[in-house]
Amino acid sequence: MTHSQTDTLKEGHASIGDVVGIREQTAFQKMVASQAFWVGIALFVLVVFMTWLEPSFGTVDNTTNITRNFAPIAIMGLGMTVVLITGGIDLSVGSVMGLVAIVAGLLLTWHQPWYVAFGAGLLAGMACGAFNGFFVAYIGMPSFVVTLGMLSIARSAAVVLSGNQMLYQFGPDAPIVKAIGQAKWPRHTPDGWVPRWIPELSSHFWVMVILALIVGFVFIFTAWARHLFAIGGNEHAARLTGVPVDRVKFQAYVFSAFTASIASLLLLGYSGSAINAMGTGYELRVIAGTVIGGANLMGGYGTAFGAVIGSAFLEVIRNALLMAGIDSNWQGAFVGAFIILAVLLGMQTSGKSLRATLEGMFTWKRK
Amino acid sequence: MSVLDVRSVSKSFGAIRALSEVSFTVAAGEVVGLMGDNGAGKSTMVKLIAGNFPPSDGEIAVDGEVCHFHKPIEARGAGIEVVYQDLALADNLTAAQNVFLGREMKKGLWPFRVLDKQAMINRSANLFAELKSETRPRDLVKKMSGGQRQAVAIARTRLSNAKLVLMDEPTAAISVRQVAEVLELIRRLKSQSVSVMLISHRMPDVFAVCDRIIVMRRGSKVADKATENTSPEEITGLITGAIRDA
Chain P
1 MTHSQTDTLK
11 EGHASIGDVV
21 GIREQTAFQK
31 MVASQAFWVG
41 IALFVLVVFM
51 TWLEPSFGTV
61 DNTTNITRNF
71 APIAIMGLGM
81 TVVLITGGID
91 LSVGSVMGLV
101 AIVAGLLLTW
111 HQPWYVAFGA
121 GLLAGMACGA
131 FNGFFVAYIG
141 MPSFVVTLGM
151 LSIARSAAVV
161 LSGNQMLYQF
171 GPDAPIVKAI
181 GQAKWPRHTP
191 DGWVPRWIPE
201 LSSHFWVMVI
211 LALIVGFVFI
221 FTAWARHLFA
231 IGGNEHAARL
241 TGVPVDRVKF
251 QAYVFSAFTA
261 SIASLLLLGY
271 SGSAINAMGT
281 GYELRVIAGT
291 VIGGANLMGG
301 YGTAFGAVIG
311 SAFLEVIRNA
321 LLMAGIDSNW
331 QGAFVGAFII
341 LAVLLGMQTS
351 GKSLRATLEG
361 MFTWKRK
Chain S
1 MSVLDVRSVS
11 KSFGAIRALS
21 EVSFTVAAGE
31 VVGLMGDNGA
41 GKSTMVKLIA
51 GNFPPSDGEI
61 AVDGEVCHFH
71 KPIEARGAGI
81 EVVYQDLALA
91 DNLTAAQNVF
101 LGREMKKGLW
111 PFRVLDKQAM
121 INRSANLFAE
131 LKSETRPRDL
141 VKKMSGGQRQ
151 AVAIARTRLS
161 NAKLVLMDEP
171 TAAISVRQVA
181 EVLELIRRLK
191 SQSVSVMLIS
201 HRMPDVFAVC
211 DRIIVMRRGS
221 KVADKATENT
231 SPEEITGLIT
241 GAIRDA
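In order, the protein sequence lines correspond to chains P and S. The end of the first sequence is residue 367 by this note's numbering, with every number in the run present. The end of the second sequence is residue 246 by this note's numbering, with every number in the run present.
In case anyone wonders, no lab produced these hints; they're calculated from the structure. Don't take each hint at face value.
No more than 25 Å apart at the CA atoms, straight line, and that leaves these computed lysine to aspartate or glutamate pairs for DMTMM-like [as the list claims (entries may be wrong)]: (1) S:Lys47 / S:Glu233; (2) S:Lys190 / S:Asp86; (3) S:Lys47 / P:Asp246; (4) S:Lys47 / P:Glu200; (5) S:Lys225 / S:Asp86; (6) S:Lys143 / S:Asp86; (7) S:Lys106 / P:Glu200; (8) S:Lys190 / S:Asp116; (9) S:Lys71 / S:Asp86; (10) S:Lys106 / S:Glu74; (11) S:Lys107 / S:Glu169; (12) S:Lys142 / P:Glu200; (13) P:Lys30 / S:Glu74; (14) S:Lys71 / P:Glu200; (15) S:Lys47 / S:Asp91; (16) S:Lys71 / S:Glu104; (17) S:Lys47 / S:Glu30; (18) S:Lys143 / P:Glu235; (19) S:Lys106 / S:Glu130; (20) S:Lys71 / S:Glu59; (21) S:Lys71 / P:Glu235; (22) S:Lys143 / S:Glu104; (23) S:Lys107 / S:Asp86; (24) S:Lys71 / S:Glu134; (25) P:Lys30 / S:Glu134; (26) S:Lys117 / P:Glu54; (27) S:Lys163 / S:Asp224; (28) S:Lys47 / S:Glu59; (29) S:Lys143 / S:Asp91; (30) S:Lys117 / S:Asp91; (31) S:Lys225 / S:Glu30; (32) S:Lys132 / S:Glu59; (33) S:Lys47 / S:Asp224; (34) P:Lys30 / S:Asp5; (35) S:Lys107 / S:Glu134; (36) P:Lys30 / S:Glu130; (37) S:Lys106 / P:Asp246; (38) S:Lys71 / S:Glu184.
With the hints as constraints, model all of the structure from the sequences given.
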């Protein structure tokens with residue numbers, strides 16, 4: 001930059017920015033331009049408003065609940081973001097959760113140690129991801145079709161394996177499994193080294209934080225993530241420039257299934273039982289969360305922070321609606337409405353502003 | 001010794017014979033124009049050399065060694081770089097990210113082997129300065145003009161020590177001033193004894209920079225003449241078929 005500036009000064013020309021009309025964005029401008037930033041602001045406003053409106057909302061206990069409730073969605077959101085960036089979609093995450101819970105639960109009921117059960121659960125989940133990845137990346141099928149198939153296959157396998165029973169008579173390692181799912185930090189101990197106003201945060205929340213930091217690091221600093229973005233931007237170009245497109249896409253689906261497995265095992269530990277219906281409909285919540293956080297369904301854009309903040313936003317809305325006494329059956333309608341709204345807002349970044357879109361709709365109707 | 005030696009290469013797609021028995025050579029530091037009407041087999045020829053698919057018959061030798069490319073990356077490994085007509089750029093990435101796409105510079109030790117962003121930005125800035133292009137490494141390609149995008153695609157070929165650069169219609173969609181810059185770049189590549197194959201419809205550009213012009217018609221080579229021994233009129237005749245052979 002400095003080099004070209006001195007050059008232009010010497011020659012007495014205008015700087016590039018003046019001619020071309022685009023300037024390099026500062027870090028602050030980039031932040032302001034991102035959807036995740038504005039969702040974060042909206043979340044903050046919502047939290048402040050709800051705390052003022054409903055005193056029980058802002059309590060330490062409710063904070064513990066909310067952070068635990070959205071953590072599994074955000075964990076899967078991180079995996080979903082990776083897939084969305086490549087321009088794909090993974091509809092199977094909810095069913096993979098069910099299968100993982102049943103596989104791990106069966107092994108626990110057979111008195112296997114917890115690490116064997118969790119390992120087998122992870123393997124089963126990642127096998128589903130490998131299946132998705134193989135057919136999408138190497139066979140070239142649309143991700144929508146393959147993962148929709150897996151949605152059905154994994155759920156069906158979970159039902160068959162479980163004999164359509166709830167599994168809860170876990171062997172000797174049951175306390176360890178529960179401890180993993182129900183752990184909290186920091187604890188409000190009687191000696192009181194932790195002040196009361198700090199919420200006890202669940203293991204789910206901390207796993208999410210660690211995973212989000214790792215994924216965020218990978219997105220910013222590694223060639224693998226750069227290839228993900230390139231594939232989402234122009235898959236053909238990525239292939240021509242020597243990016244291992246098939247391998248990277250395959251890995252994206254395996255990672256998505258991996259995050260679903262982690263979320264499943266945490267929930268298994270929390271409830272102390274395995275049901276084959278675990279995660280039913282979660283794929284929609286996960287996709288909604290990531291899209292609200294700014295991931296693009298067309299590929300090429302997404303952030304780890306967005307996946308977390310979008311999921312948190314959805315959960316706070318859900319929690320707020322419950323507190324406001326609205327029938328919980330309305331949740332689906334709100335999730336759906338937010339997906340549509342988020343994509344509509346996202347259209348602004350791809351050149352066409354929301355206002356222009358709305359104006360276009362109304363002029364079209366008048367004709 | 002010639003950098004590229006194409007020996008009686010044929011290519012069929014099912015019943016369609018796209019190329020039949022084409023032979024030519026490109027010497028080091030030589031700029032060769034490849035001309036022909038739509039469907040003459042230019043693109044197929046470029047894709048064969050670039051390693052998109054292997055020939056049905058015949059062989060391609062680089063620096064005297066027979067190569068069997070199945071993927072573009074293999075051709076690149078042998079020192080052949082391509083500037084594609086659609087430029088093969090990812091719009092959502094910056095100029096520097098596109099230049100280094102697929103061969104990112106890294107630093108540190110595994111598992112903390114991370115991108116060396118500053119080095120890539122500096123190197124891209126140098127390449128753009130060499131090209132005298134008004135392109136900044138941190139700008140998104142989505143927001144760039146046609147000429148700037150071209151510069152990004154050309155800068156990419158200069159990363160490695162390419163022996164041969166194939167340019168597919170590099171001057172088709174850019175401004176007059178940028179055309180002059182691209183032609184100047186081709187001359188600069190030549191002066192560094194890099195060979196260039198220029199595939200173009202624009203007669204003035206080909207005559208401005210090429211040492212030799214190869215004309216193709218309906219899958220066969222119909223002429224291979226030094227630029228000083230021919231004229232735009234003759235080349236036009238050869239392309240259209242008004243002149244049978246030369």
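Evaluation of the provided hints:
no., hint, in the structure
1, S:Lys47 / S:Glu233, "28 Å, violated"
2, S:Lys190 / S:Asp86, "24 Å, holds"
3, S:Lys47 / P:Asp246, "21 Å, holds"
4, S:Lys47 / P:Glu200, "61 Å, violated"
5, S:Lys225 / S:Asp86, "29 Å, violated"
6, S:Lys143 / S:Asp86, "16 Å, holds"
7, S:Lys106 / P:Glu200, "40 Å, violated"
8, S:Lys190 / S:Asp116, "31 Å, violated"
9, S:Lys71 / S:Asp86, "18 Å, holds"
10, S:Lys106 / S:Glu74, "21 Å, holds"
11, S:Lys107 / S:Glu169, "36 Å, violated"
12, S:Lys142 / P:Glu200, "45 Å, violated"
13, P:Lys30 / S:Glu74, "38 Å, violated"
14, S:Lys71 / P:Glu200, "55 Å, violated"
15, S:Lys47 / S:Asp91, "23 Å, holds"
16, S:Lys71 / S:Glu104, "19 Å, holds"
17, S:Lys47 / S:Glu30, "20 Å, holds"
18, S:Lys143 / P:Glu235, "19 Å, holds"
19, S:Lys106 / S:Glu130, "23 Å, holds"
20, S:Lys71 / S:Glu59, "16 Å, holds"
21, S:Lys71 / P:Glu235, "15 Å, holds"
22, S:Lys143 / S:Glu104, "22 Å, holds"
23, S:Lys107 / S:Asp86, "31 Å, violated"
24, S:Lys71 / S:Glu134, "32 Å, violated"
25, P:Lys30 / S:Glu134, "22 Å, holds"
26, S:Lys117 / P:Glu54, "48 Å, violated"
27, S:Lys163 / S:Asp224, "21 Å, holds"
28, S:Lys47 / S:Glu59, "14 Å, holds"
29, S:Lys143 / S:Asp91, "8 Å, holds"
30, S:Lys117 / S:Asp91, "18 Å, holds"
31, S:Lys225 / S:Glu30, "13 Å, holds"
32, S:Lys132 / S:Glu59, "38 Å, violated"
33, S:Lys47 / S:Asp224, "20 Å, holds"
34, P:Lys30 / S:Asp5, "50 Å, violated"
35, S:Lys107 / S:Glu134, "29 Å, violated"
36, P:Lys30 / S:Glu130, "29 Å, violated"
37, S:Lys106 / P:Asp246, "22 Å, holds"
38, S:Lys71 / S:Glu184, "30 Å, violated"
The earlier numbered hints that this structure contradicts are 1, 4, 5, 7, 8, 11, 12, 13, 14, 23, 24, 26, 32, 34, 35, 36 and 38.
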